[in-house]
Amino acid sequence: MSPAPNLLEVREVCKQFPGVKALDGVELQVRRGEVHALLGENGAGKSTLLKILSGALRADRGEATLDGVALAPSETPRERQRAGLVTIYQEFNLLPFMSIAENLYLGREPVRRGFIDWAAMHDNSRALLTSLGLSVDPRREVRHLSVAHQQMVEIARAVAQKAKLIVMDEPTAALGHREVEILHAVIQELRTRGVSFIYVTHRLNEVKMVCDSFTVLRDGRYVARGEVGGVETADLVRLMVGRDVEFSKRAHPAVLRETVLAVKGVARARDSSGRHTIALNDLSIEVNAGQILGFAGLVGAGRTELARIIFGADHCDRGVLYLNGSELRPLRSPKDAIRAGIALVPEDRKQQGCFLEQSISQNMALPSLKRISRWGVFVDALQERQLVEKYRAALRIKMANSAVAVGTLSGGNQQKVLLARCMALQPKVLIVDEPTRGIDIGAKAEVHQLLFEMANSGMALIIISSEMPEVLALSDRIVVFREGCISGVLDRRDATENSLMELMAISAATAPVRSAAL
Amino acid sequence: MKDDTQPQQGTARRRFDAVAWLRRYGTLLFLCALIVFFGLENSRFLSLRNVTNILTEVSIYGIIAVGMTFVILTAGVDLAVGSLLAFAGMSGAFVMQAVEADSTLGWLVALATATAVGTLVGFLQGKAVTLFSVPPFIVTLGGMTIWRGATLILNDGSPISGFDANYRWWGTGSIAGIPVPIVLFGLIAAVGLVTERYTRYGRYVYAVGGNPEAARLNGLDVQAIITSVYVIVGALSGLAGFLLSARLGAAEAVGGIGYELRVIASVVIGGTSLAGGRGGIGGTIIGALLIGVLTNGLVIMHVSSYWQQVVIGLIIVAAVAFDTYAKSHR
Numbered sequence: 001m002s003p004a005p006n007l008l009e010v011r012e013v014c015k016q017f018p019g020v021k022a023l024d025g026v027e028l029q030v031r032r033g034e035v036h037a038l039l040g041e042n043g044a045g046k047s048t049l050l051k052i053l054s055g056a057l058r059a060d061r062g063e064a065t066l067d068g069v070a071l072a073p074s075e076t077p078r079e080r081q082r083a084g085l086v087t088i089y090q091e092f093n094l095l096p097f098m099s100i101a102e103n104l105y106l107g108r109e110p111v112r113r114g115f116i117d118w119a120a121m122h123d124n125s126r127a128l129l130t131s132l133g134l135s136v137d138p139r140r141e142v143r144h145l146s147v148a149h150q151q152m153v154e155i156a157r158a159v160a161q162k163a164k165l166i167v168m169d170e171p172t173a174a175l176g177h178r179e180v181e182i183l184h185a186v187i188q189e190l191r192t193r194g195v196s197f198i199y200v201t202h203r204l205n206e207v208k209m210v211c212d213s214f215t216v217l218r219d220g221r222y223v224a225r226g227e228v229g230g231v232e233t234a235d236l237v238r239l240m241v242g243r244d245v246e247f248s249k250r251a252h253p254a255v256l257r258e259t260v261l262a263v264k265g266v267a268r269a270r271d272s273s274g275r276h277t278i279a280l281n282d283l284s285i286e287v288n289a290g291q292i293l294g295f296a297g298l299v300g301a302g303r304t305e306l307a308r309i310i311f312g313a314d315h316c317d318r319g320v321l322y323l324n325g326s327e328l329r330p331l332r333s334p335k336d337a338i339r340a341g342i343a344l345v346p347e348d349r350k351q352q353g354c355f356l357e358q359s360i361s362q363n364m365a366l367p368s369l370k371r372i373s374r375w376g377v378f379v380d381a382l383q384e385r386q387l388v389e390k391y392r393a394a395l396r397i398k399m400a401n402s403a404v405a406v407g408t409l410s411g412g413n414q415q416k417v418l419l420a421r422c423m424a425l426q427p428k429v430l431i432v433d434e435p436t437r438g439i440d441i442g443a444k445a446e447v448h449q450l451l452f453e454m455a456n457s458g459m460a461l462i463i464i465s466s467e468m469p470e471v472l473a474l475s476d477r478i479v480v481f482r483e484g485c486i487s488g489v490l491d492r493r494d495a496t497e498n499s500l501m502e503l504m505a506i507s508a509a510t511a512p513v514r515s516a517a518l
Numbered sequence: 001m002k003d004d005t006q007p008q009q010g011t012a013r014r015r016f017d018a019v020a021w022l023r024r025y026g027t028l029l030f031l032c033a034l035i036v037f038f039g040l041e042n043s044r045f046l047s048l049r050n051v052t053n054i055l056t057e058v059s060i061y062g063i064i065a066v067g068m069t070f071v072i073l074t075a076g077v078d079l080a081v082g083s084l085l086a087f088a089g090m091s092g093a094f095v096m097q098a099v100e101a102d103s104t105l106g107w108l109v110a111l112a113t114a115t116a117v118g119t120l121v122g123f124l125q126g127k128a129v130t131l132f133s134v135p136p137f138i139v140t141l142g143g144m145t146i147w148r149g150a151t152l153i154l155n156d157g158s159p160i161s162g163f164d165a166n167y168r169w170w171g172t173g174s175i176a177g178i179p180v181p182i183v184l185f186g187l188i189a190a191v192g193l194v195t196e197r198y199t200r201y202g203r204y205v206y207a208v209g210g211n212p213e214a215a216r217l218n219g220l221d222v223q224a225i226i227t228s229v230y231v232i233v234g235a236l237s238g239l240a241g242f243l244l245s246a247r248l249g250a251a252e253a254v255g256g257i258g259y260e261l262r263v264i265a266s267v268v269i270g271g272t273s274l275a276g277g278r279g280g281i282g283g284t285i286i287g288a289l290l291i292g293v294l295t296n297g298l299v300i301m302h303v304s305s306y307w308q309q310v311v312i313g314l315i316i317v318a319a320v321a322f323d324t325y326a327k328s329h330r
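Chains as they are written, first to last, in the numbering used here: chain A, 1 to 518; chain B, 1 to 330.
Since the hints were derived computationally from the structure, they do not count as laboratory data.
Careful, some of the hints might be misleading.
DSSO-like, lysine-lysine: derived pairs with alpha carbons at most 30 Å apart [unchecked claim]:
(1) B/Lys-127 to A/Lys-370
(2) A/Lys-249 to A/Lys-208
(3) A/Lys-370 to A/Lys-350
(4) A/Lys-335 to A/Lys-370
(5) B/Lys-127 to A/Lys-51
(6) A/Lys-350 to A/Lys-390
(7) A/Lys-350 to B/Lys-127
(8) A/Lys-264 to A/Lys-162
(9) A/Lys-208 to A/Lys-264
Simulated coverage check for chain A against chain B, where a stretch passes if three residues somewhere in it have a Cβ under 8 Å from a Cβ of chain B [claimed, not checked]:
(10) 177-184
(11) 335-344
(12) 368-377
Between beta-carbon pairs, the in silico distance windows are [as the list claims (entries may be wrong)]:
(13) B/Ala-275 to A/Arg-108: 27 to 37 Å
(14) A/Val-69 to B/Trp-307: 48 to 58 Å
(15) B/Ala-321 to A/Ser-326: 32 to 42 Å
(16) B/Ala-321 to A/Thr-192: 30 to 40 Å
(17) A/Ala-393 to B/Ala-321: 39 to 49 Å
(18) A/Arg-371 to B/Met-301: 55 to 65 Å
(19) A/Val-147 to B/Thr-145: 37 to 47 Å
(20) B/Lys-127 to A/Val-147: 33 to 43 Å
(21) A/Gln-426 to B/Val-311: 54 to 64 Å
(22) A/Arg-371 to B/Val-311: 48 to 58 Å
(23) A/Arg-257 to B/Leu-141: 19 to 29 Å
(24) A/Ser-284 to B/Ala-321: 49 to 59 Å
Note that the coordinates shown come from a computational prediction; the quantities given were computed from them, not determined experimentally.
The beta-carbon is built from N, C-alpha and C at its ideal position, and this holds for glycine as well.
Construct the complete structure from the given sequences, taking the supplied hints into account.
Laid out in structure tokens, this is it:
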């Protein structure tokens, strides 16, 4: 299939984790000077494969060659880097308090008479950065750089290490539109110099934009390999999922019920300290009982920001909240919000949601403890067990017993525990930020079903999702955010991926988008 | 990776896991081994008198260690407890002298003052941690020298002694044959255990230590909870200061030097994670006993006190190293 000999050749790689076969006979070929997309759902085995390639994990079986040289399984990440295989993770491996130049040449500093040759180091760094189209002073500390620039520094470092193959894990997850374009330009430039890339992404439109060929994994198995030209996005989806994806929808509520939450004129200035990176302008929304309101928009467009303000987790300069028609006193903390009847499932399950090392019952009952404590002091063990059992059954959570640490559950079950926690509060308004991030397609459908059930019971729901098919499937009405403003409100009947994308996109002149992120 | 692959959890549980077992019972096992070893080595070790001695000694810093467990569960630490013990004890004795209370009420004035001073100082340190977001290590490192200095200033560096019998009873008397400090330690440990396991507050402490951001998003007042643990350890340090002065018959400016080490070591050897959210008072009690048995046993074996310090230090490092190993092992 490939005329030129492959740069990377991976064959029959297997990796077994306790109870899970993460990789089962996976193969992967990357040609010289091409950008190769590695595709698959969460749990398909992409990250495991990347870790094996980078030397962070050892495969149980299988072999790999880079540029004709076998990669020994015992090699450390450092040895792999020397061999020319550099991996850039989502969390960068940069030292924030050191300069760009120091980061670029860490461990390989140019030396003159036994001392670091700073002049040479800075000159080389500047030349390197310029060649990548980046005009920043190499003496700046890395922590002052934007995410996009830090990523460029990572790429520059890979180039300085004479990388033959650069592996990028979800490189655009935290980037804005402009920055994605710059990244793609750099990738193209390096490709012409003969550097190959493995590009992992969930955004299939980017595959069409930047990649030459692709490999699809599913459930730890190799599914397909092909050229990007001539393949439709829908075909890729089918390969990844194994079937056509059609999220089920629910019957549209017949009558519009009373407004539960109204938000009027929320505004916040950009914070000079950089904590709030965008300004919010005059955001107003309404949610009715039994309704699901979807928030769509790119990361950083204001959707999560508004949700956190409604929940009292962040502050705003102006704005009023009405709950069931009466004005709420300004919410100073999540505590106030929960007391008023607003609950939130945060976007980052591990950092903001779970107490990973603590038991399921601790995780599920925590905010409800006041209600099930005698004299507000002693936790009533019986009531706690009943609460956990009730919501375990209602949400169909799979667990050995409620004393098990939440960190041992699968992503889908963790998410259900967080939903259960919020349901136990019996809120009037439930906000769910990224309801299915990082969970399987099967669990995804189940979570969707649960959200429908909650809405049907009369709760007002706000759903935030980066996945457009999900927003479209779940929402009765969709609010679209763009750069801190609401750029449009669509009824579900009028909304399509294209109409959403038009409202979300920062400039009309962006690259043609056929289908968006899955 | 898939939802259905979780049940292996159960099968893993059934297999005997030596590392996990040792992680859980290792400290207790080591404590028992030490007791047997010292008992065989010297018959005096297990005499009633010596055992009472060990337990009384353990009680004073054990009381503080109960409070310290809460602090460390929130991922904090309090280095000032030794100095605060001295300062509170000295304050109690000083106020008692100053108001010239008679012998029926003198101890009460001293006890109340010492506990109040401890509580107040704990509150100040807790506020410094939460209000100004200064790391607890720094706040209490400062506190360690501040309160030691304040103790010296208070009575010009000289001790206060000459307490009456009612005062001394708290350190040397006994209730139903059990020395008062041991009774108090037992009571406080019991209250601590109940608080930790059966109250809302106990759950909140674990939550704040396990994931402060998630705790906040669950409607917990994280700052108030963090402040409260420093108040608890402060109050208990004050009480311990009073007890120590009653036991020794003098409030000394050098009282409680090195207690912070023993207290923190008790908690850490007992398996509470310095990263917060994991561990508990049960382990702390074992840790405190272990240190008490070790110190006493080494004295009885005529090992120099210089070497004792070396041994205790090694055990702290070994305990944490093993815990870390066991954690990565699973």
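Structure-based check of each hint:
no.	hint	result
1	B/Lys-127 to A/Lys-370	holds, 25 Å
2	A/Lys-249 to A/Lys-208	holds, 29 Å
3	A/Lys-370 to A/Lys-350	holds, 24 Å
4	A/Lys-335 to A/Lys-370	holds, 12 Å
5	B/Lys-127 to A/Lys-51	violated, 44 Å
6	A/Lys-350 to A/Lys-390	holds, 24 Å
7	A/Lys-350 to B/Lys-127	holds, 28 Å
8	A/Lys-264 to A/Lys-162	violated, 55 Å
9	A/Lys-208 to A/Lys-264	violated, 40 Å
10	177-184	violated (count 0)
11	335-344	holds (count 5)
12	368-377	holds (count 5)
13	B/Ala-275 to A/Arg-108: 27 to 37 Å	holds, 34 Å
14	A/Val-69 to B/Trp-307: 48 to 58 Å	holds, 56 Å
15	B/Ala-321 to A/Ser-326: 32 to 42 Å	violated, 58 Å
16	B/Ala-321 to A/Thr-192: 30 to 40 Å	violated, 51 Å
17	A/Ala-393 to B/Ala-321: 39 to 49 Å	holds, 43 Å
18	A/Arg-371 to B/Met-301: 55 to 65 Å	holds, 56 Å
19	A/Val-147 to B/Thr-145: 37 to 47 Å	holds, 42 Å
20	B/Lys-127 to A/Val-147: 33 to 43 Å	holds, 35 Å
21	A/Gln-426 to B/Val-311: 54 to 64 Å	holds, 56 Å
22	A/Arg-371 to B/Val-311: 48 to 58 Å	holds, 50 Å
23	A/Arg-257 to B/Leu-141: 19 to 29 Å	violated, 59 Å
24	A/Ser-284 to B/Ala-321: 49 to 59 Å	holds, 57 Å
Violated hints, in rising order: 5, 8, 9, 10, 15, 16, 23; the structure is consistent with all others.
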